[in-house]
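Undergrad: This is what each chain is made of:
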Amino acid sequence: MNAPAYNFAYLDEQTKRMIRRAILKAIAIPGYQVPFASREMPMPYGWGTGGVQVTAAILGPDDVLKVIDQGSDDTTNAISIRKFFGKTAGVATTTATADATVIQTRHRIPEAPLHAGQVLVYQVPIPEPLRFLEPRETETRRMHALGEYGLMHVKLYEDIARFGHIATSYAYPVKVNARYVMDPSPTPKFDNPKMDDCPALQLFGAGREKRIYAIPPHTDVVSLDFEDHPFTRYRFDAPCALCGAGDSYLDEIVTDDKGGRMFVCSDTDYCESRQSAGHRGSESAAPHKERAHG
Amino acid sequence: MTSVAELPAGFADKVLSAQSTFRSVMDAMARPGSIQRIGSVAGTPDTMMRGTAAIALTLFDHDTPVWLDTRMSAKTDVARWLKFHTSAPIVADSSIAGFALVADPQNLPPLDRFAFGSNEYPDRSTTLILQVESLANGPTIELRGPGIDGSVTLRASIRPQDLFERLAVNAGLFPRGIDVVLVDDDAIVAIPRTTRLVRGG
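Chains as they are written, first to last, in full-length UniProt numbering: chain A, 1 to 294; chain B, 1 to 201.
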């Protein structure tokens, strides 16, 4: 720790106590958004201030932290948050999903299965799944109190009426423990099934909107759907161009201005560990080319 | 009358002790029925167990009204210790308490004396911290609910013996309800409002 001017993990102790109490309530009431007194953080709203506050409140010196942004360990947001906690808490950091005890994520759930003892912290922009259907907080709060979620089903139905299928592809609403409808943050709906019966604890922090919510381990998480239009995952129909994976969520990368494109795993750790295990895709560098650069 | 200097100490390392205690409580709440240990050391006034004292130092402050049962408030030690170390207001009205400390669970008041929260704000409820006889020996209690893979069994001697029958109100009240943390020395078990008794208790 080389910044003695800060408290451990940046936040002051009173703030941590307040956030910790909110986290305990959130775990006790799965899917319910607990209001909390979100602080200003040394980064702008939209960069994960909610996730950072949750991480700061739970992090201890023995934790190993991983931070991903859209599945990637090496984007600006992921690197700066990892460095932030490296500096203010002196914790070890990693990019390997299996080695991490706390994983802060923006908009993805890692491909590698999570295990008990891990905590997944989501950065959430808009925690209220009903917000775009009903702008008034007083009304959405009452709808949650009454378990009145017809409006959300109407929204999904309108998708079907307009497009012939449920066109919602990210932030796909889920029902937690058969009670609260919850926004899983803007993760692709490909990731929704991973939230169900997950052995790890999942915590969600929304800094600007001042809400914390949670899914305890081994909790039922069901994506909303209809009998005749069941929930489906979506994935580009291609293998990863770098590691050949046929089961991972893919990013589309435009490679030229003539319509050329390639698909690669969005989870960089998953892709890299597959490549180091010898898996190759159509765009992998040939061994002799790598030597020529060496 | 003890002076402030004679009060039992708080955490030696406020920051890291509070963090490790919180993680134990968080793990307990996330995995109901599992026994978690509290490693941090703090002085304990009179009727307070180690676990209770650590939880108080970790979670209580001026924002959390605390209610003490008759045994906890029999002498002024506990209230004075809490006030000095946490600044938490001690309240006589249990229905506005954020936390309730119970050293004599045999005489636990009816649960509806505590706050269940409202349907709009179910988080505005009382968390009961109950000091029990044993979390290692006693009748077998089988629990299920979120946080539990299938079901979990706990061997514990808990008073009041009908605690889980009383907590059954949580099923009908949800999302309102009462969360409970059972404490036996440095061992804790959490029973959040979503946990249901399968058998035993």
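The set of hints was computed from the structure by calculation and includes no laboratory data.
Note that the coordinates shown come from a computational prediction; the quantities given were computed from them, not determined experimentally.
Glycine included, C-beta positions come from ideal geometry on N, C-alpha and C.
Do not take every clue at face value.
[To be verified] If you want the footprint, here are the derived chain B segments under chain A, 3+ residues with CB under 8 Å: (1) 5-18; (2) 129-137; (3) 153-167; (4) 187-199.
[To be verified] If we take Cβ atoms under 8 Å as the criterion, some of the chain A residues that face chain B in the derived model are: (5) Ile29; (6) Phe132; (7) Arg136; (8) Thr140; (9) His218; (10) Val222.
Undergrad: Now look at each hint and say whether the structure bears it out.
TA: Here is what the structure says about each hint:
1. 5-18: It holds, with 4 qualifying residues against the three required.
2. 129-137: That given contact is violated, which follows from only 0 residues of the region 129-137 of chain B lying within Cβ reach (below 8 Å) of chain A.
3. 153-167: violated (count 0)
4. 187-199: Contact hint for the region 187-199 of chain B vs chain A: holds, 3 residues under 8 Å.
5. Ile29: The hint holds - Ile29 of chain A has a Cβ within 8 Å of chain B, the shortest such distance being about 5 Å.
6. Phe132: At about 21 Å, which exceeds the 8 Å cut-off, the nearest Cβ of chain B leaves the hint on Phe132 of chain A violated.
7. Arg136: violated (13 Å)
8. Thr140: violated (10 Å)
9. His218: OK, holds: His218 of chain A within 8 Å of chain B, min 5 Å.
10. Val222: violated (13 Å)
Checked against the numbered hints given earlier, the structure breaks hints 2, 3, 6, 7, 8, 10 and satisfies all the rest.
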